Amino acid sequence: MKAAVIVFPGINRERDMARTLRLVSGHDPAMVWHADTALPAGTDLAVVPGGFSYGDYLRCGAIAARAPIMDAVRAFAAKGSLVLGVCNGFQILCEAGLLPGVLMRNAALKFICRDVYLRIERSDTPFTRGYNAGQVICVPTAHGEGNYVADADTIARLEGEGRVVFRYTSPKGAVTSEWNFNGATNAIAGIVNARGNVLGMMPHPENHVEAALGPTDGRGLFQGLVDHLAAAA
Amino acid sequence: MKAQVTVTLKSGILDPQGKAIEGALKSLGVAGVTSVRQGKVFDIEIAEGDRASAEAMLREAAEKLLANTVIENYRIDIVEAP
Chain U
1 MKAAVIVFPG
11 INRERDMART
21 LRLVSGHDPA
31 MVWHADTALP
41 AGTDLAVVPG
51 GFSYGDYLRC
61 GAIAARAPIM
71 DAVRAFAAKG
81 SLVLGVCNGF
91 QILCEAGLLP
101 GVLMRNAALK
111 FICRDVYLRI
121 ERSDTPFTRG
131 YNAGQVICVP
141 TAHGEGNYVA
151 DADTIARLEG
161 EGRVVFRYTS
171 PKGAVTSEWN
181 FNGATNAIAG
191 IVNARGNVLG
201 MMPHPENHVE
211 AALGPTDGRG
221 LFQGLVDHLA
231 AAA
Chain W
1 MKAQVTVTLK
11 SGILDPQGKA
21 IEGALKSLGV
31 AGVTSVRQGK
41 VFDIEIAEGD
51 RASAEAMLRE
61 AAEKLLANTV
71 IENYRIDIVE
81 AP
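In order, the protein sequence lines correspond to chains U and W. Letter 110 of the first sequence, counting from 1, is numbered 110 in the numbering used here, and no numbers are missing. Letter 67 of the second sequence, counting from 1, is numbered 67 in the numbering used here, and no numbers are missing.
Chain U extracted, bound-state conformation (with noise of 0.2 Å):
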């Protein structure tokens, strides 16, 4: 693996995540900043992490979905190679158009730093192969805009194609309003692109990987990228 991890002003867990694909892959991550105007060559993945870019201002994730290094992303998530958005990253991309929908202000208004549980809704995709379909993993969260909403059109599409691979559950993986902390429609936590090589999600998978911190779900994500890229090489 030959990550990338874009690094925006205001970004903070760019090093969680870059210390995540170390222990996972074996591989130091590039550090790209946000000026930039190109990947490293040979890059395979390229990671949008989590934390405030530019403090939120306007939207999150708007200015930072329009610097300079975004125009590279977009490029290569075109040419059909992998970018995983996690947390601002997940809104980064929503508001760079490489995902649908937008990221609103959590439904009550909290900013909510906690684990809760994601379903799994499918095992085949680069970034799901790690896990069965139906398993429910217990990560970390800490947003206060992480409330998924699009028209109803992209809704019945997300649906319709099986582009939606993670939802809040009940640690069971039962969809209920309670266990839907932060009021997504139809308690959606991650999606994928139409061509399923771009991923964003909420939650924090990086967070969990070390069973000295807790538990190790987050692993199976990182593990099955390291899987599907040497799969395909």
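Since the hints were derived computationally from the structure, they do not count as laboratory data. In this text the structure is predicted, and so the values were computed from the model without any measurement. Where a beta carbon is used, it is the ideal one built from N, C-alpha and C, also for glycine. Some hints here could point you the wrong way.
One side only, chain W facing chain U, incomplete, derived with CB under 10 Å [to be verified]:
(1) M1
(2) K2
(3) G12
(4) K19
(5) N68
The following label-pair restraints were derived from C-beta to C-beta distances [unchecked claim]:
(6) W/V36 with U/V175: 26 to 36 Å
(7) W/V30 with U/R195: 48 to 58 Å
(8) U/G42 with W/V36: 50 to 60 Å
(9) U/T154 with W/G18: 15 to 25 Å
(10) W/R59 with U/T176: 41 to 51 Å
(11) U/A174 with W/A47: 54 to 64 Å
Please build the complex by placing chain W on the supplied structure of chain U, with the hints as guidance.
Just chain W, lined up with the frame of chain U:
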């Protein structure tokens, strides 16, 4: 030239902040409020030019950055023409 771009949420988009403000107004005893929707106003100063090109530039600004047209509408007003 001075202009104002007003960005508002499209109807049908849930506005939790507007709802909270609406609730706060009610609890303050401000009577008669039936709904609040929150939006943004951008005051923009523009280098000299004609009105049509200013409006075209502001439309570009709104489409490219100021509004997320998935969820928001925008309105352009030239408030002070030369």
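Here is what the structure says about each hint:
no.: 1; hint: M1; in the structure: violated (23 Å)
no.: 2; hint: K2; in the structure: violated (20 Å)
no.: 3; hint: G12; in the structure: holds (8 Å)
no.: 4; hint: K19; in the structure: holds (9 Å)
no.: 5; hint: N68; in the structure: holds (6 Å)
no.: 6; hint: W/V36 with U/V175: 26 to 36 Å; in the structure: holds (30 Å)
no.: 7; hint: W/V30 with U/R195: 48 to 58 Å; in the structure: holds (51 Å)
no.: 8; hint: U/G42 with W/V36: 50 to 60 Å; in the structure: holds (52 Å)
no.: 9; hint: U/T154 with W/G18: 15 to 25 Å; in the structure: holds (22 Å)
no.: 10; hint: W/R59 with U/T176: 41 to 51 Å; in the structure: holds (44 Å)
no.: 11; hint: U/A174 with W/A47: 54 to 64 Å; in the structure: holds (58 Å)
Violated hints, in rising order: 1 and 2; the structure is consistent with all others.
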